[in-house]
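Asks: Could you put together the complete structure from these sequences and hints?
Be aware that the sequence shown starts at 1, since it is given in this note's numbering, and climbs by one per residue.
Possibly wrong hints are sitting among the right ones.
[As the list claims (entries may be wrong)] Quick list of in silico lysine to aspartate or glutamate cross-link-like pairs, EDC-like style, CA-CA up to 16 Å: (1) Lys157 to Asp127; (2) Lys126 to Glu114; (3) Lys29 to Glu56.
[Unchecked claim] Computed Cβ-Cβ distance ranges for the label pairs, DEER-style: (4) Ala107 to Cys3: 27 to 33 Å; (5) Pro73 to Cys168: 39 to 45 Å; (6) Ser4 to Ile146: 47 to 53 Å.
No wet-lab data here; the hints were simulated from the structure.
If you're wondering where the values come from, they're calculated on a predicted model, not measured in any experiment.
Where a beta carbon is used, it is the ideal one built from N, C-alpha and C, also for glycine.
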Amino acid sequence: GACSLAAYLLQRPVRMVVKLETMMEAIGKRYATYFNYEAGVNEEGKIEYLITNVYEDNGSAFTDPVTLPLLAPSYTNVYDERAWGTNMYDVLTDKPCNIWARAPGTAEGITLAEHIMEHIAHELSKDPLSVRMQNLNRAFPTEALIENIKEKSDYEKRKAEVEDFNKCN
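Replies: Okay, structure coming up:
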């Protein structure tokens with residue numbers, strides 16, 4: 001609106017800079033996403049079955065329901081999804097409509113999977129990284145990448161330091 005009018009009146013391109021917060025107030029933000037799940041795991045944290053229900057709040061109208069189809073591949077991400085079952089629902093509510101932000105669905109999808117991995121690790125009192133490693137899709141080179149990062153970052157040493165600190169404090 002304002003930029004178009006200014007460009008028309010000045011007969012030249014006009015650039016408008018808007019803070020992200022202001023833009024989100026004006027035209028919306030990521031869709032609210034809710035999920036629940038039931039999982040069965042072995043003693044190492046390997047998922048033997050996972051049923052997930054994902055609900056995405058589109059607001060009062062289906063203006064651009066694009067994020068659920070993009071959420072699905074990012075949800076499984078680097079994990080072995082053979083034991084995963086997922087139901088996805090677009091829902092209407094009495095809230096104003098939003099519009100997707102950059103990378104629609106990917107942040108939500110990755111967050112869902114990582115939340116589940118953290119929850120499994122917490123319930124089993126396991127290292128979250130070991131639970132993630134148990135559930136990797138071996139078709140991807142992720143395991144080698146993680147081992148490389150662990151080595152270069154002194155992961156085991158740092159982990160021991162954190163555990164010692166937590167015991168003392």
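Asks: Now, for every hint given, state plainly whether the structure supports it.
Replies: To see whether the hints hold, each was checked on the structure:
Among the hinted pairs, Lys157 with Asp127 is consistent with the structure: their alpha-carbon atoms are about 14 Å apart, no more than 16 Å. For the proposed pair Lys126 and Glu114, the alpha carbon gap of about 14 Å is at most 16 Å, so the pair holds. With a CA separation close to 13 Å, the supplied pair Lys29 and Glu56 stays within the 16 Å bound. Evaluation of the 27 to 33 Å hint for Ala107 and Cys3 yields a pass: the beta carbon distance comes to about 28 Å.
Here the CB-CB span from Pro73 to Cys168 is close to 43 Å, well matched to the stated 39 to 45 Å. One distance hint, 47 to 53 Å for the beta-carbon pair Ser4 and Ile146, holds here, with the actual separation near 49 Å.
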